[in-house]
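Protein sequences, first through last, are from chains A, B, C and D. Each residue of the first sequence is one higher than the last, beginning at 1 in our numbering. Each residue of the second sequence is one higher than the last, beginning at 1 in our numbering. Each residue of the third sequence is one higher than the last, beginning at 1 in our numbering. Each residue of the fourth sequence is one higher than the last, beginning at 1 in our numbering.
Bear in mind the hints are in silico, worked out from the structure with no lab data behind them. Every value quoted in this text rests on a predicted model; they were computed, and no experiment measured them. Warning: the hint list may mix true and false statements.
[Claimed, not checked] Listed next, the stretches of chain D that the computed footprint assigns to chain A, with coverage defined by at least 3 CB atoms under 8 Å from CB atoms of chain A: (1) 173-187; (2) 193-203.
[To be verified] DEER-style ranges, computed between Cβ atoms: (3) 445/B <-> 63/C: 50 to 60 Å; (4) 207/B <-> 175/C: 40 to 50 Å; (5) 248/B <-> 117/C: 41 to 51 Å; (6) 173/B <-> 329/C: 29 to 39 Å.
All C-beta atoms in this analysis are idealised placements derived from N, C-alpha and C, irrespective of residue type, glycine included.
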Amino acid sequence: MSDAVARIEKLVVQFDRSGTPFRALKGVSLDIAPGEIVALVGESGSGKTVLGNCLLGLVPGGHRTRITGRVEVGGTDMVGGPEKDKRRVRRNELGAVFQDPLTSLDPTMRVGKQVRERGATAQRALDALTECGVPEPGQRIRYWPHQLSGGLRQRVSIAGAITAADPGGVPSLIVADEPTTALDVRVQDQIIKLFARLRDDHGCSILLITHDLGVAAQIADRIVVMSEGEIREHGPTARVLREPQHAYTKKLLESRLDIAGPLPPASVVEAGEPVLTLSEVVKDFPAPHKRGEKRRVLHGVDVRLEAGESLVLVGESGCGKSTLLRIAAGLETPTGGRADVPPAAGRPQLIFQDARSSLTPWLSINSQLSERLAAAGVPRKDRPARVAELLGQVGLDARMAASRPRQLSGGQCQRAAIARALASSPGILLCDEPVSALDATLAAQVVDLLDDLRRSTGVSLLLVTHDLAVAKRIATRIAVMTDGRIVEEGPVEQIFASPAHPYTKQLLEASPSLAAVAS
Amino acid sequence: ACGSGDSGTKATGPADQLRLAVSSDLPTLDPSTVYQYEGNQVLTAVYEGLLSYSPDSTEAIVPQLASKYDVSKDGLTYTFTLRDDVTFTGGRTMTSKDVQASFERLADKKVASQMSYMVMGVAKYATPDDHTFVVTLAAPSSSFLSLVASPFGPKIIDSDVLTKNAADSATTYLKDHTAGTGPYELTSMTKGQGYELTSRADYWGGKPGFAKVSVKVIGDAATQLLQLQGGDLDIVTGQPVATLDQFAKNSGYKVAEYPTLQKSMLHLKVTGNLADVKLREALRAAIDRDAFTKQIFGTHAAVSTQMYPVKNVPAGTAKDDWTTDPTALTTLAAGKTLTLGYVSGHARDKQASEALQAKWAAAGAKVELVAVQGSDIYGLSSNLASAPDMIYETAYPDSTHPDTWSRLFWYSDTAKGNGALNYLVGGTKEADAAIDAGAAATDQATIDADYAKAGDLVHAQASYITLADMNDSFIMRSDLTGGGHWLPAPLTLDLRTLKRAGN
Amino acid sequence: MGLLKQIASRVASMLGVLVVLTFAVYFIQRQLPSDPARVLAGRTASPEALAAAREQLGLDKPFLLEYFHYLGRLLHGDLGISVTSRNEVSSDIGTYLPATLELVVVAGVLALIGGLILGVIGARDGWLAGAVRFVSVAGASAPTFLVAILLLLVFYRDLGWLPAGGRGDALAASEPTGLRLIDNLVHLDGAALADTVNHLVLPALVLALSPAMAIGRVLRSSLRATMATDFVRSASAKGGSWPAVVWRHGLRNALGPALSIAGVQVSVMLGGSVIIEMLFSWPGLGNYLSDAIANSDLSAIAGVVIVLGFAYVLITFVVDTLQILIDPRLREPV
Amino acid sequence: MRPGAVAEQSAEVADPRPRRWRVVPGRVRSGSAEKICLWVVALLTVLLPIAARLMPAGETEIVGVPFTAPGAGHLLGTDDQGRDVLSRVVIGLSASWWGAIAVIASGVVIGAVIGTVAGMSGRFVDTVLMRLTDAFLALPGPLVALLVVAALGPSFRNVLIAVIVTWWPWYARIVRGQVRVLRRLPHVDAARSAGFSTFRVVTRHVFPGVLRSVVVVASMDVGAVLLVLAGLSFVGLGAPPPAAEIGSMAAAGFTYVFSAPWVALAPAGVLFAVAMISNFAGDAVQERMG
Ligand SMILES: Nc1ncnc2c1ncn2[C@@H]1O[C@H](COP(=O)(O)OP(=O)(O)OP(=O)(O)O)[C@@H](O)[C@H]1O
Ligand SMILES: Nc1ncnc2c1ncn2[C@@H]1O[C@H](COP(=O)(O)OP(=O)(O)OP(=O)(O)O)[C@@H](O)[C@H]1O
Ligand SMILES: [Mg+2]
Ligand SMILES: [Mg+2]
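Could you build all of it, start to finish, from the sequences and the hints given here?
See below:
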C-alpha cells in the first residue's frame with residue numbers, strides 16, 4: 001500500500017500531566033488508501049482525537065509532548081517535518097472537522113470568510129455550504145457564527161473542511177472528528193451521504209472518528225477499533241461488525257442500544273393516579289435579536305404522567321423538550337397553562353443532560369447528597385448510612401462519596417446525579433437526554449439503571465431523548481414532539497410498529513442501525 | 001552613585017542669556033496682584049517703584065523712579081520728585097499721572113490687591129506737575145516710606161494701558177502683558193512653562209548684563225538642580241542645605257549668600273492646651289536653638305536673637321532669648337497631646353517641624369504633626385478651637401519697618417485688617433497699643449522704643465518663638481558676577497547688575 | 001437601533017456619573033476647613049473684603065442652592081472663577097489641557113503599541129516569551145518617580161540626548177490646536193517638530209510604562225487562552241502560520257480584555273500625570289491641579305475633576321464601542 | 001489606579017469545553033522561581049511585622065548624625081533627622097504591606113456582597129447596583145484619594161479608605177459577571193429544584209465558584225495597591241510625619257537625591273523589590289489558576 005494518502009507508523013504520543021508522563025497513543029500504525037473511508041471507533045479517552053490531530057500535524061500539549069514514530073500525509077512528514085511543508089499540506093490536501101462545532105468557528109469572522117479561508121473562490125464556498133445542507137447559503141455567508149444554531153455551525157465547519165485551496169477545491173484527506181454529534185438524525189444522514197459523495201466523485205479519503213457504530217456501519221469501508229491508546233482490531237466494516245475478534249469490540253457491539261432489536265419485556269403498569277399533569281402549557285421567550293418581541297416555544301402542550309410509568313419524549317433539536325421538563329420541574333414558569341403535581345408525589349427531580357455540570361463542582365458527592373437528605377428531613381446521624389445506600393442503589397462504590405465531580409468519569413457522574421435526585425425521595429424523575437453524551441457502553445448501563453429503578457421503586461419517569469433506540473429500551477409510552485407541539489402519542493409498541501405522523505416515520509427511517517450491515 | 005556635585009559644569013550657556021527657575025507658576029503678571037516672592041523675580045525685572053531698598057542687602061532706602069522725596073514735619077505729606085528720563089515698554093515717557101494711576105489702582109476693588117493695605121492710610125494724591133507726585137496721609141504712618149520702597153510695594157504701570165483697559169481695570173490685559181519701566185519686557189510666555197524677558201533699549205538705567213532672561217517653571221527642586229547640572233539653568237535657589245554645601249565645594253559653581261528678613265518661627269496658641277504660660281515657656285526652653293539652626297539650616301541661617309527680623313529694630317532691643325532647659329516640660333505637658341502644624345508642600349518646614357517634634361518628644365511632651373494647606377492657614381484664627389496648638393512657619397515682612405512685622409503677626413485685635421497673619425491670635429492689648437504708638441510717632445527714638453516694648457510683651461507672653469534668621473542661598477555658575485539683592489525680597493536677585501564674566 | 005439605544009443609555013449614565021462627581025467634589029470641599037473667600041481676598045484682607053469675596057463666590061448661600069446654581073452655570077460651559085489665578089476656570093483649563101492631552105495621548109499610543117508587542121511576543125513559547133514576561137512584571141512594579149529620575153539622570157544629565165523637562169521652545173507653534181505635534185506638522189516646521197518630540201519622549205515613556213505592562217500582561221494571557229481555542233486550531237488546520245493566525249483570529253478575539261484594561265489605564269495615566277508633570281515640569285493640568293489643591297481652589301478643582309471625569313467616561317465609551325466593533329456578538333442587545 | 005488588574009471579561013466567559021482542552025499548549029509550567037515568590041510573599045506577610053519590631057531603631061528614634069552614608073553603623077544610612085533609614089523602611093513597608101492586604105480584603109468583601117446581590121437579582125436591582133458601581137468606577141482614583149484625605153485629614157487609615165472606595169467596584173464587576181454566568185449553570189438549577197433557600201443556593205452553589213477568579217485578580221493586585229499607596233504618600237497624602245511611610249520617605253529624600261541619594265533610593269528600591277516579588281507571585285497564581 002505504498003500509494004496511501006496517509007501513513008502512520010508506530011506512533012507514540014506521550015503527554016506531560018503536571019510532571020507525570022501519560023501515553024495517549026502507544027504505538028499505533030495505520031494506512032489510509034485514496035478514496036477510502038476509515039471509521040475510528042472506541043471508548044471515550046482512547047486517543048481518537050489525538051490520532052486525528054497528529055495526522056494534521058497539530059500536536060496537542062505543546063513542547064512537552066514527546067512523539068515518536070512517523071506520520072506522513074502525501075509524503076510529507078507531519079510530525080518532524082518543517083513547519084512550512086506541514087502548512088502547505090494542511091492548506092492544500094487536508095480538511096479537518098473538529099469535535100466541538102460550537103467552538104470551532106471564530107466568533108469575530110463572518111462564516112463565508114471562514115469557509116473561504118484557504119483561498120477557495122466565493123462560488124466554491126457557496127457550493128460547499130449547499131452540499132452540507134445549509135439552507136439559503138447566499139445569505140448565510142454574511143452571518144456571524146453566533147447567529148447560527150449549533151447544527152448549522154457544524155455544517156459550516158464541515159463546509160470549511162471540504163474547500164481546500166487547490167483547483168479541485170476538495171482536499172485529498174478529511175479528518176472528521178465526531179462530525180455529527182450536534183445534529184439530529186435527519187441532518188446526520190445528510191452529512192453521511194455527503195461524505196459518501198465526496199469519496200465517489202472526488203476520490204477523497206476520510207478518517208471518520210465516531211463513537212456511534214451505527215454511523216460507522218453506514219458508510220465506512222474499514223473500521224478501526226481503539227481502546228486505551230492502542231488499536232485493538234481493524235478490518236472491513238462488515239467483518240468487524242459480524243465477526244468481532246477482540247473482546248473489547250464484542251463488548252462494544254453487545255452493549256450498543258440498537259433500534260433494530262426486539263422490544264424489552266413489557267412491564268405491567270397499573271393505570272394509577274396521574275402524578276404530573278401538564279395542561280395547555282404555553283411558553284414564550286423573548287426573541288433573540290429583536291427587542292420586545294416574543295417567540296413561542298411551546299404551543300399548548302398536554303402531558304399526563306401516571307404513577308410508575310415511563311413516558312419518553314422524542315423530537316428534533318430545539319422543539320422545546322427541555323423547556324417542557326424545566327416547567328415540570330418548576331424551574332421555569334409557563335406563560336400559559338398549568339403544571340400540576342399532587343403534593344403526595346413530592347417535588348419532581350430533574351436529571352440534566354450533562355450530569356457533570358449539574359453537580360456542584362466544588363462540593364463532594366457526599367455533601368451534595370447529605371444536603372438533599374437534610375432538606376428532606378433525614379436526621380444527621382442517619383445520613384452517612386443513607387448516602388451509602390443511595391450510592392449502592394446506583395451502583396457506585398461508597399468510597400466515591402468523598403470525590404468531587406471532576407474526579408469521576410462521565411458515567412459515574414450520571415449515576416451520582418441520579419443518586420442525588422433519589423435522595424430527595426421523589427415520586428417523579430425527569431431525565432433530559434441522560435445518555436447522549438456517553439459512549440455506547442456507559443449509555444446502556446445508565447438506561448438499564450433507570451429502568452431498574454422504576455421497576456424496583458415505582459418512581460415515574462419522564463425522559464427526553466432524540467435517540468429512538470433509547471426510547472425503545474426504556475419507554476412504556478412515547479410522545480413525539482415537533483415545533484412545540486406533541487404530534488403523536490402512544491404505547492411504545494404502537495409507535496414503532498405503526499407510526500402515524502410523517503415526522504415519526506422520518507425519524508424511524510433516518511435512525512442508523514447495525515442490523516443492515518450485520519445481517 | 002549620584003553624588004553629583006563633583007560632576008563638572010556642562011556648557012557655560014549662551015553669553016547674553018540668563019536662565020532662571022521658579023518653583024511654581026505665576027497666576028498673573030499683574031504687579032498689583034502678584035504677592036508671591038518667587039514671582040517677584042520676574043516682576044522686579046519688569047516693573048519699578050518710586051523708591052527701592054538698596055541692592056546691597058542693607059536696610060537703606062534709595063531713590064529709584066523718584067530722584068528725591070520730602071516728608072513734611074507732621075509726617076502727613078510726602079512729595080516725590082520723579083525722574084524725567086523714564087520710559088515705559090512701548091516708548092512713552094513716565095509722568096506723575098502714571099504714578100498716581102498706579103497708586104490708585106492698588107486700592108481698586110476690581111483689582112482686589114492684597115497690597116492695598118499699603119495705601120489704606122492715604123487721604124489724597126496730587127500731581128502739581130509732570131514730575132511731582134504728592135501723597136497726603138490721613139494720619140502719620142512711620143512705615144509708609146518703607147512700604148513704597150518694598151519690592152512688593154506700588155509699582156508704576158503705564159496709565160495708557162490702564163485707561164485703554166479700564167473696563168476691568170486692566171486685570172485681563174496685565175495677566176500676560178507687561179507695561180513697566182524696568183530693564184526688561186516680556187516677549188513671550190507659555191503658561192505653566194516659562195517666560196522670556198528681553199532687555200529694553202531705552203531703559204533709563206543703562207543696559208543690563210543680559211539681553212535675554214528666561215524664567216522656567218520647574219516645580220521640583222531636584223529637577224531644578226538636574227537642569228543646572230545639565231547646563232540648562234544658570235541659577236537655582238531653594239535647595240536643601242546638604243546640596244548647598246556640596247556645590248560650594250565645586251569650582252564650577254558658587255553659592256551666593258545674602259541676609260533676608262525671613263524668620264523661622266513658631267506661633268503658639270494662648271488658649272486651650274497651651275493656656276498656661278508656664279507650659280509655653282517650657283516648650284520654648286526645651287528647644288536648643290543652636291542645635292536646631294545647625295541641623296536645619298547649617299551655616300545658611302543665624303540663630304535668632306530678636307523678636308523682629310534683622311535690621312527692624314536696633315540691636316539688643318526686643319530680645320528673644322532663653323536658656324535651654326528641657327526639664328520643666330515633662331510634668332507640664334504630662335497627659336497632653338499637642339499638635340504642631342506646618343505648611344504642607346514645604347520640605348524644609350516639614351523637616352524643621354519633625355526636628356522640633358523629636359526634641360519635645362525627648363523632653364517628654366507628646367506632639368503630633370499636622371500639615372496645613374497653604375491658604376487654609378489664614379482661616380485658622382476664625383476657627384481657633386480646631387486649629388493646631390502651634391504653627392511652624394518661615395515668614396517674612398514686606399519691609400524692614402517693624403510695623404509691617406508686628407502689625408501683621410502680633411496684633412491681637414484682628415478687626416480692620418490688623419493681625420492678618422496672627423493665625424493663632426497671640427499678642428496682647430498692651431502690645432497692640434505699643435504698635436499703634438510706634439506707627440503714629442514721628443521721631444526715631446520713640447518709634448524704636450514702642451516697637452521694642454511690643455516685642456518684649458510678646459516675648460513675655462511666649463506666644464511667638466523665633467528660631468533663626470534665614471539667608472538666601474543661590475547656587476549659580478561660577479562665571480556669573482555682580483548680582484544685587486534686596487533685603488526684604490527673598491529668592492530674588494537684582495538682574496540689572498548680574499552678568500557673565502568676560503562679557 | 002439597538003446600537004443607538006446603547007449609545008443613548010451610555011450617554012445618560014455618563015451624565016449621571018458627572019453629576020455624582022460634581023456633587024461629591026462640592027460636598028467634600030464644603031466640609032473642608034479651608035475658606036476660599038480668604039484665598040480670594042488675600043492674607044491681609046479686612047473683614048468687609050472677606051464678606052464681599054464670600055458673596056462673590058456664592059458661599060453665603062445654602063449648599064444645595066449653590067450646587068444647583070453651579071450645575072446650571074456648568075451647562076453653559078461656565079466653570080466659575082479660580083481664586084488663585086483669578087481667571088475663568090474654563091479658560092485656565094483651556095490653557096493647560098492641550099499639554100496634558102498631548103502627553104496622555106502620546107503615552108496612551110505608546111502604551112498600546114508597547115502592550116501589543118509585549119502581549120503578542122509573550123504569548124508564544126520560548127525564552128523570548130519568558131524574558132518578556134519577566135520584563136512586564138518587573139516594569140509594572142517600578143515606582144514612577146524612580147523610573148523618572150533614573151531616566152533623567154541617564155538620558156539628560158549623563159548622555160545629554162534628551163531635554164529635562166518642559167514642552168520645548170516657547171516660540172514653537174501652539175496654534176491652532178495647542179497640541180504641538182499637530183501644530184508643528186500644520187506649520188511644516190521640522191526643527192520645532194523635532195524639538196517637540198524630544199521633549200515628549202521621556203515623560204511619555206515614563207507615563208506609558210506601567211500601562212504598557214498591564215496591557216501586555218492581560219493581552220498575553222487572553223491571547224494564550226485564545227490560541228488554545230478550537231477555532232484557532234481549526235484555523236491552523238487550514239494551513240495558517242502562527243503570525244497569520246494571531247493576526248486573523250487571535251488578536252481580534254483576545255483584544256477585548258486588553259481593551260478594557262486599556263480604558264482603565266487611561267484613568268491611571270490621568271492620575272499618573274500629576275507626578276510626571278511635576279517631575280518633568282510639564283505645563284499641564286496636573287500641575288494646575290496640584291496648585292489648586294494647595295490653595296483650596298474649589299472651582300479649579302471641581303473644573304479639573306469634571307474635565308477628567310468627562311475624559312474618562314468618554315474613553316470608556318470609546319472602548320466599549322471599539323469592543324462592539326471587534327466582537328459582533330456584543331452588537332445585539334441581550 | 002489599578003495597573004495590575006486582570007480584565008474581568010476573560011473571566012466572565014464560562015468555558016464549556018472539557019478540562020483537557022483548556023490546557024494551553026506549552027503553557028509555562030509553574031517554575032521554581034515562582035514557587036519561591038509565593039513563599040516569600042507568605043513569609044513577608046508573617047515576618048514583616050516581626051521584623052519591624054526587631055529593627056535596630058524605632059520609627060522616630062534619632063540614632064545619629066543626619067545624612068550618615070550607608071555603612072557598618074547604619075546599613076542604609078540615616079536621613080535628614082538622623083534616623084536609621086533601614087529601620088524606617090522596614091517599619092513603613094510592614095504598614096504598607098498590611099495596608100495593601102486590608103484594601104484588597106475589604107475590596108473583595110464589599111465587591112463580593114454587591115456583585116453577588118446584583119448578579120442574583122432581577123433587572124432593576126442589578127441595574128441600580130451596577131450603575132452605582134460604574135459611577136464609583138468612573139471617579140478618577142487619585143482625585144478621590146485627594147478629596148477623601150482632604151476631608152478626613154491625612155492619616156494612613158484615611159488613605160486606605162480612599163483606595164478602598166475606588167477599588168471595590170472592580171471586584172463587584174468581576175463577581176457580578178461570574179455570578180450571572182454561574183447562576184445559569186445546571187448545578188444551580190439542580191440546587192434550586194431541590195427547593196433550597198436562595199441564601200443557601202448562593203452561598204453554597206454559586207459563590208464558591210466566583211472565589212477563584214477573585215483570588216486570581218486579588219493576587220495580581222497586591223503589588224498594584226502597594227504602588228498606589230506609595231504614590232499617594234509620595235504626593236503628600238499619607239500619615240503625617242514623622243511616621244515612616246515608603247512614599248513620603250522617598251518624597252522627602254527626593255530633595256536630597258543628589259547630596260544624599262540613599263535617603264530616597266532606599267525606600268524606592270525596597271518598594272520596587274517588594275512590589276516585584278508580589279507581582280511575580282500574583283503572576284504565578286494567575287498562571288496556575290487563571
Ligand atoms: N493536551 C493534552 N495533555 C494531556 N493529556 C491529553 C491531552 N490531550 C489529550 N489528552 C489525553 O489523551 C487521552 C486521549 O484523548 P482523546 O481526546 O484522543 O480521546 P478521544 O478518544 O477522542 O475521546 P472522546 O471520545 O471523549 O473524544 C485522554 O486520556 C486525554 O485525557
Ligand atoms: N432562556 C431562553 N431564552 C430564549 N429562548 C430559549 C430559552 N431557552 C430555550 N429557548 C429556545 O426555545 C426553543 C426550545 O428549546 P429547548 O431547549 O426546550 O429545546 P430541546 O427540544 O430541548 O432541544 P435539544 O434537543 O437541542 O436540547 C429553542 O429554540 C431555544 O432556542
Ligand atoms: Mg475526541
Ligand atoms: Mg434539550
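Against the structure, the hints:
no., hint, in the structure
1, 173-187, "holds (count 3)"
2, 193-203, "holds (count 4)"
3, 445/B <-> 63/C: 50 to 60 Å, "56 Å, holds"
4, 207/B <-> 175/C: 40 to 50 Å, "34 Å, violated"
5, 248/B <-> 117/C: 41 to 51 Å, "48 Å, holds"
6, 173/B <-> 329/C: 29 to 39 Å, "59 Å, violated"
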